[in-house]
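Engineer: Chains as they are written, first to last, in the working numbering: chain H, 447 to 784; chain P, 547 to 959.
Don't read these hints as lab results, they were simulated from the structure. In this text, all values refer to a predicted model and were calculated from it rather than measured experimentally. Cβ coordinates follow ideal geometry from the N, Cα and C atoms, glycine included. There could be a bad hint or two in this list.
As the list claims (entries may be wrong) - To spell it out: a stretch of chain H is covered by chain P in this simulated footprint if at least three of its residues, at any positions, have a beta carbon under 8 angstroms from a beta carbon of chain P; those stretches are:
1. 525-538
2. 658-671
As the list claims (entries may be wrong) - Here are the in silico distance ranges between beta carbons for each label pair:
3. H:T720 <-> P:G680: 55 to 65 angstroms
4. P:R818 <-> H:S556: 57 to 67 angstroms
5. P:R945 <-> H:R778: 32 to 42 angstroms
6. H:R758 <-> P:T559: 29 to 39 angstroms
7. H:D688 <-> P:T727: 27 to 37 angstroms
8. H:R778 <-> P:R955: 48 to 58 angstroms
9. P:T727 <-> H:R694: 50 to 60 angstroms
10. P:A804 <-> H:A575: 20 to 30 angstroms
Stated by the list, open to error - If you only want the chain P side, here are some residues facing chain H, beta carbon under 10 angstroms, derived:
11. I667
12. Q669
13. T683
14. I736
15. L737
16. D738
The residues making up each chain are set out below.
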Amino acid sequence: MTSTPRVGVVGADLPRQVALAAGAVPTRLLGAWEGDTSREARELLGAMDVVAVRILDEILAGAHDHLAGLVVCNDSSANLRLFYVLRVLAERGRVRLPVSLFDAPRGSGSPREHFVARRIARLTEFCEAVTGSGPSDFAAAAASEDALGGALRGLRARRRSGRVTGAAALDAYRAAATLAPEEAALEVDRVDRSAAGIPVVVTGGSHPDSSVYAAIENEGLLVVGDDHDTGDAAWIGPTGRDAAEIARLHAARPPLAQRSRSSERAAALAALVTETKARGVISLARELDDAPAWDLAAQRAAIDVPLVARTRIAPDAARTQAVDAARELRDRITEEGA
Amino acid sequence: MSADRLRSAHEATRYQKQWFLDLAERARAGEPLAIVNADAPHEILRALDIPYVVTQWWSSIIAAKRMSPAALSHVAARGLPDFSLQYDAIPLGEQDLADADRPWGGLPQPTFAIAERSGDITQKIFEQWGERDGTETFLLSRTGGDPAPHAWWDLVPHQWEAAFGSDRLDLLQDEIGELITWLEERTGRILDTGRLERILELGNEQAEWNRRTRDLIASARPTPVAVNDTMPAVMVPQWHRGTEWAVGAAKRLHDEVAERVEEETAICPDERVRLMWVGRGLWSDLDMYRRFQEEFGAVFVWSMYLAIAADGYLRYGDDATRTLAARFVGITDQLYMPPWSSEWYVKEALSHGVDGVVHLVADDAAGAGLISEALEDEGIPVLEIRANNADERSAAAARIPERIEEFLRTRVR
């Protein structure tokens, strides 16, 4: 019996329906907040967000050799640089996986949507080649992905009503990004347990795992929403009839820090704060992931709740910095509410 | 002017200052002005008679005047990062300097801010320009370097469809069309395609002169010119690309270099070590490039500015906007994307016969590790220094001269 092939994904731009239609399970490689990095990976990537370095280390160590192929999204400088390095390493035989770039610039309008649609067609060819499947059936793939999207909408609703911690929500998103849709939907649906704390929103860079959220929530806060691609802004669920429709959906996605204007980010954050009734915002950005820092001024101006930020977070300081930020935010909320 | 300074460098610097003062006066009188990043299709602005200032050039002037720390402090005062992509951000802060501190009287408020979305940050910086009253921002997409065939320098002048891929070219060509419309609507001017074609021709003529100059310097022993001279002598005309003056400036540089080669002029008669500077120019301390001549006989014979002017811009085509798209769609790929970047630096290092490489690595530079590795694989020792070229705080912290001295003592023959 052969198992369903898996296509690895670095980044958040992949239209998962395409991989599913080719008979593969899209499996996102997320990295981690903590852990050593090798000298080889550091030197190959240079000055780079440490999460990308950790993903490269995993690949170099063979941790993902079971994948049929790897798609890297051009959704951040870090991921694009990782693709360039992997392409060279694949040519040398140092990386065994077939590697492909998925390039989907943000912005609406026909030039960009036309380009993205053509890249989706190319992605389809890549997925079919690595899985050895026949012509992709977008419609068939849509059903299971739609169901997962529905489960995630339910998760977001439960988050807003205090029935899911932020850490549990991130774990659910991780399941959705790494498991087969049917299996993931069951995992997502299971997450329903009362949660307490001052409601806050997390903005900034992505979270490779839930450890930082757990640290924040230990300080009496409850993360009821977020705007990064490993949380509520993950692109999991939407499906289209064809490449052109998927390209239009891509153009309408929530703005992410690395590829969007600060004004878009600020407007989206303000809407999220209102929707979730959050009383404060924490912005966290790792060292060498500077895009969130550029959004801060606009974000502060757009919301009427306190925002506490930590930028240039060192590789080994994420939880410490997050706890520090959480305490500061909690104190400010408490003072302002008194 | 020092005895061995290039006349063409002196002339370019003089011309540029007068050009800027005239431009500033016209802008203050109400003419439109654009600020653009280096990798945007400037030729459209030239064809529409809209003067433009290039962010990186203006940053280099601010840095040379030692005003970058003050400019960055104003960036921080607006709640923006002063530690991120300083090369692009410094001009934002310059706008807020006291009048007496602004280089050459300061850059007037631009009407247009135009950039491509290279990396994560450039778009945010150019968005900030558009937040100021009187300035509007236009952003172009920056697609990833895929495909990446080998020996790009042989392909891009004519076979750019194969080098970059038609999808990428289609997108940028369409976006250049959007930019033209956007500018026409705001200025009431209409782009003259014949004029754009002539501007592209002039750009090619300029690049052809630069290629000849680069080849002369590559084969000359000892080296006849200093890189801190070729930098302004090449880059000032680069920002006037598409003009008769720029072609003339490139030719004058060539002729002056040829004259020096003929006369066997040496900027360091005791030349023993030939060095390559990979990375952006250290604008706040250009004299640094000559600091190692006396003690070590070490001469910087190469910087990317002349080399990319020689290899990076030539595009021959019949369709003006597509040819222009081909000039810019992969401009950063050529310099930074492996394997393109690493292959090109190796080619240049070998043709120039360098003995060592100083590699200044900026945070936003992709592929630095593979560039260093490729050079080392050719037996060329590499000193990597991580610093920002335009932020003298960063450069000072990196102890650049001290580390080069140590490198020369310990690793270069």
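Engineer: Now tell me, hint by hint, if it's right for this structure.
Structural biologist: To see whether the hints hold, each was checked on the structure:
1. 525-538: Since 8 is at least three, the answer is holds.
2. 658-671: Contact hint for the segment 658-671 of chain H vs chain P: violated, 0 residues under 8 angstroms.
3. H:T720 <-> P:G680: 55 to 65 angstroms: Once the Cβ atoms are compared, 32 angstroms apart, the range 55 to 65 angstroms for G680 (chain P) and T720 (chain H) is violated.
4. P:R818 <-> H:S556: 57 to 67 angstroms: The hint (57 to 67 angstroms, Cβ to Cβ) holds, given that R818 (chain P) and S556 (chain H) are roughly 59 angstroms apart.
5. P:R945 <-> H:R778: 32 to 42 angstroms: At 40 angstroms between Cβs, range holds.
6. H:R758 <-> P:T559: 29 to 39 angstroms: holds, 37 angstroms
7. H:D688 <-> P:T727: 27 to 37 angstroms: holds, 29 angstroms
8. H:R778 <-> P:R955: 48 to 58 angstroms: holds, 54 angstroms
9. P:T727 <-> H:R694: 50 to 60 angstroms: 22 angstroms Cβ-Cβ, so the 50 to 60 angstroms window is violated.
10. P:A804 <-> H:A575: 20 to 30 angstroms: violated, 53 angstroms
11. I667: holds, 6 angstroms
12. Q669: Holds: closest Cβ of chain H sits about 7 angstroms from Q669 (chain P), inside 10 angstroms.
13. T683: holds, 9 angstroms
14. I736: Where the cut-off is 10 angstroms and the nearest Cβ of chain H is about 21 angstroms from I736 (chain P), the hint is violated.
15. L737: violated, 18 angstroms
16. D738: violated, 23 angstroms
Checked against the numbered hints given earlier, this structure breaks hints 2, 3, 9, 10, 14, 15 and 16; the rest are met.
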